[in-house]
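From first to last, the protein sequence lines stand for chains A and B.
Heads up: the first sequence is residues 4 to 311, going by the numbering used here.
Heads up: the second sequence is residues 1073 to 1250, going by the numbering used here.
Because the hints were derived from the structure by calculation, they are not lab data.
There's no promise every hint is true.
Just a sample of chain B residues kept apart from chain A, beta carbon distances all over 10 Å, derived [claimed, not checked]: (1) D1139; (2) G1152; (3) H1153.
List time: in silico EDC-like cross-link candidates among lysine to aspartate or glutamate, alpha-carbon distance up to 20 Å [said to hold, decoys possible]: (4) K1151(B) x E242(A); (5) K1151(B) x E21(A); (6) K1150(B) x E5(A); (7) K1076(B) x E1241(B); (8) K183(A) x E21(A); (9) K1158(B) x E1237(B); (10) K42(A) x E1075(B); (11) K33(A) x E152(A); (12) K42(A) x E1097(B); (13) K1158(B) x E30(A); (14) K42(A) x E1237(B); (15) K41(A) x D1188(B); (16) K33(A) x D1192(B); (17) K33(A) x E1160(B); (18) K1158(B) x E34(A); (19) K41(A) x E1097(B); (20) K1151(B) x D39(A); (21) K183(A) x E158(A); (22) K42(A) x D1188(B); (23) K71(A) x D1192(B); (24) K71(A) x D1145(B); (25) K1158(B) x D27(A); (26) K15(A) x E242(A); (27) K41(A) x E1160(B); (28) K41(A) x E1075(B); (29) K213(A) x E242(A); (30) K9(A) x D1146(B); (31) K7(A) x D27(A); (32) K42(A) x D1192(B); (33) K1158(B) x D218(A); (34) K154(A) x E242(A); (35) K1124(B) x D1145(B); (36) K1158(B) x D39(A); (37) K71(A) x E1237(B); (38) K15(A) x E259(A); (39) K1232(B) x E1097(B).
Keep in mind it's a predicted model, so treat the numbers as computed, not measured.
Every residue gets a Cβ at the ideal spot worked out from N, C-alpha and C, and that includes glycine.
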Amino acid sequence: MELKSKDLLDIKSLDREEINLFLDSAESFKEVTGRDIKKVPTLRGKTVVNLFFEPSTRTRTSFEIAAKRLSADVINFSISGSSMSKGESLLDTARNIEAMSSDFIIIRHSASGAPHMLAQCLKSSVINAGDGSHEHPTQALLDLVTIKERKGGIEGLKVAIIGDIAHSRVARSNIYGLTKLGAEVRVAGPPALIPAEIESTGVSVFYNLKEALSDVDVIMVLRLQLERQGKNYFPTTREYARLYCLTAERIRDAKEDVMIMHPGPINRGIEISPEVADGLSSVILEQVTNGIAVRMGVLYLLGGRGEA
Amino acid sequence: MSEKVIIDSLGIGRALSRIAHEIIERNKGTEGLVLIGIRTCGIHLAKRIAEKIREIEKCEVPVGVLDITLYRDDILTKKGHPAVRKTEIPFNLSGKVVVLVDDVLYTGRTIRAAMDEVMDFGRPDMIQLAVLIDRGHRELPIRADYVGKSVPTSKSAMIKVLLSEEGLEDRVILKEEQ
Chain A
4 MELKSKDLLD
14 IKSLDREEIN
24 LFLDSAESFK
34 EVTGRDIKKV
44 PTLRGKTVVN
54 LFFEPSTRTR
64 TSFEIAAKRL
74 SADVINFSIS
84 GSSMSKGESL
94 LDTARNIEAM
104 SSDFIIIRHS
114 ASGAPHMLAQ
124 CLKSSVINAG
134 DGSHEHPTQA
144 LLDLVTIKER
154 KGGIEGLKVA
164 IIGDIAHSRV
174 ARSNIYGLTK
184 LGAEVRVAGP
194 PALIPAEIES
204 TGVSVFYNLK
214 EALSDVDVIM
224 VLRLQLERQG
234 KNYFPTTREY
244 ARLYCLTAER
254 IRDAKEDVMI
264 MHPGPINRGI
274 EISPEVADGL
284 SSVILEQVTN
294 GIAVRMGVLY
304 LLGGRGEA
Chain B
1073 MSEKVIIDSL
1083 GIGRALSRIA
1093 HEIIERNKGT
1103 EGLVLIGIRT
1113 CGIHLAKRIA
1123 EKIREIEKCE
1133 VPVGVLDITL
1143 YRDDILTKKG
1153 HPAVRKTEIP
1163 FNLSGKVVVL
1173 VDDVLYTGRT
1183 IRAAMDEVMD
1193 FGRPDMIQLA
1203 VLIDRGHREL
1213 PIRADYVGKS
1223 VPTSKSAMIK
1233 VLLSEEGLED
1243 RVILKEEQ
């Protein structure tokens, strides 16, 4: 089994087999991350460049640790202090980085499609670490791994994704991944934060949280992306919290063994209450742990396509 | 391609019995002994040797599983990647005598990778190597301590070890171009 592309840009264009290949290798890499010496020599001599045009702690650190555990060299670029602030275009910056012989470019950008543009122009493997409100493929993969680990599989599960669907790349990637693997996906949130025609991706839409959570196996809570919204989609965050905050009371409608996920960073008391975020059903920190194994798997599998 | 069976089911059993005896004799018992099978055939062979040792010495020898994929030296030059599977070594290797078990010893590159990986799990007192078939053509200074059968081959020949654990009848086949 081989991947079709040198890049990982989205979940939408992956087929079921490719997604499963990523999930299976993550499982194997999880064993590596549990060793005393958590480093293997696989990507020795390869260079991974983290190109982050938006703030990130989790994802950037996770990619950095993943690359280092595979023995690759890692270079971090962040927007402040780069020549982008002197007016250089994204493509010029990336070409310059590639001229220093990078093998992987991991990019986060506020413009949807930025990684796709780079992927077409560069020989390096481009990995999308979140582009605008488009996709965040490694987050979806790590969510899938976490669900599979807890529930034994994805097929047939009822998953509710709640909150700011419109601005969420995590939601989009997860919707594609979950539906491709046979889960039943519901989205719930205030009407203004549910994108038009989202039903065409195979999900059902709920505006009432109680109905959406009834009998679900998995709840994914999204962060309210106030910085991306720009205008008012709802009157106040207090009102939002009153209607959509995931509280202990509200998860009683879900299955007893429901798992609660959140891609982080969490706004306690806005989209999720502290007792739920820290509760027994919460797998938020497992998601972070699995992220490293997933990203090791992604680097490993993409690295194999470079040379003939 | 001509195909011939060079060891049958009985022969494999006898070779593994002899290897089990030699391991016990060389190490003066089973104190501190662990077997580590290299995926996939090596695991089955390691388990069979452990079973034979149990019959002879009436004691259990721990068996681990090694997946050497991440330590291969051709991983970045070959197109496409072999699936990575788990290494399972649920015991400490420091101070132990590790016997690596594999089906066929050829270039020695797999064993180089296996030794590197074992070293990352601890500092064994000694690493020994047991193989069912030694077919020659080494590319590294590596030799086996226990050999089921030495089979001189041409480089174009193929050796296949078939085992009942994989749903096949136990036998070793040599395929040669005419």
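Taking the hints in turn, this is what the structure says about them:
1. D1139: The claim is violated: D1139(B) sits with its nearest Cβ about 7 Å from chain A, within 10 Å.
2. G1152: Since the minimum Cβ distance to chain A is about 5 Å, G1152(B) lies within 10 Å and the statement is violated.
3. H1153: 3 Å, violated
4. K1151(B) x E242(A): 55 Å, violated
5. K1151(B) x E21(A): 16 Å, holds
6. K1150(B) x E5(A): With a Cα-Cα distance of about 12 Å, the restraint between K1150(B) and E5(A) holds, given a limit of 20 Å.
7. K1076(B) x E1241(B): Given pair K1076(B), E1241(B) holds - Cα atoms ~14 Å apart, limit 20 Å.
8. K183(A) x E21(A): 11 Å, holds
9. K1158(B) x E1237(B): Answer holds: K1158(B) to E1237(B) is near 18 Å, not above 20 Å.
10. K42(A) x E1075(B): 42 Å, violated
11. K33(A) x E152(A): Holds. K33(A) to E152(A) sits at ~11 Å (cutoff 20 Å).
12. K42(A) x E1097(B): 36 Å, violated
13. K1158(B) x E30(A): 8 Å, holds
14. K42(A) x E1237(B): Given that 20 Å is the threshold and the Cα spacing comes to 32 Å, the pair is violated.
15. K41(A) x D1188(B): 14 Å, holds
16. K33(A) x D1192(B): 16 Å, holds
17. K33(A) x E1160(B): 12 Å, holds
18. K1158(B) x E34(A): Holds, because 6 Å separates the two Cα atoms, which is no more than 20 Å.
19. K41(A) x E1097(B): Violated, because 36 Å separates the two Cα atoms, which is more than 20 Å.
20. K1151(B) x D39(A): 30 Å, violated
21. K183(A) x E158(A): This hinted pair holds, its Cα atoms lying about 9 Å apart.
22. K42(A) x D1188(B): Holds, at roughly 12 Å.
23. K71(A) x D1192(B): Since the Cα atoms of K71(A) and D1192(B) sit roughly 16 Å apart, the hinted pair holds (cutoff 20 Å).
24. K71(A) x D1145(B): With a Cα-Cα distance of about 18 Å, the restraint between K71(A) and D1145(B) holds, given a limit of 20 Å.
25. K1158(B) x D27(A): Given that 20 Å is the threshold and the Cα spacing comes to 10 Å, the pair holds.
26. K15(A) x E242(A): 34 Å, violated
27. K41(A) x E1160(B): With a Cα-Cα distance of about 14 Å, the restraint between K41(A) and E1160(B) holds, given a limit of 20 Å.
28. K41(A) x E1075(B): Judged against 20 Å, a Cα distance of about 44 Å means the pair is violated.
29. K213(A) x E242(A): 16 Å, holds
30. K9(A) x D1146(B): 19 Å, holds
31. K7(A) x D27(A): Judged against 20 Å, a Cα distance of about 17 Å means the pair holds.
32. K42(A) x D1192(B): 8 Å, holds
33. K1158(B) x D218(A): 35 Å, violated
34. K154(A) x E242(A): Not satisfied, since the Cα-Cα distance of roughly 34 Å exceeds 20 Å.
35. K1124(B) x D1145(B): 34 Å, violated
36. K1158(B) x D39(A): At roughly 15 Å apart (the allowed maximum being 20 Å), D39(A) and K1158(B) satisfy the hint.
37. K71(A) x E1237(B): With a Cα-Cα distance of about 37 Å, the restraint between K71(A) and E1237(B) is violated, given a limit of 20 Å.
38. K15(A) x E259(A): 31 Å, violated
39. K1232(B) x E1097(B): Violated, because 29 Å separates the two Cα atoms, which is more than 20 Å.
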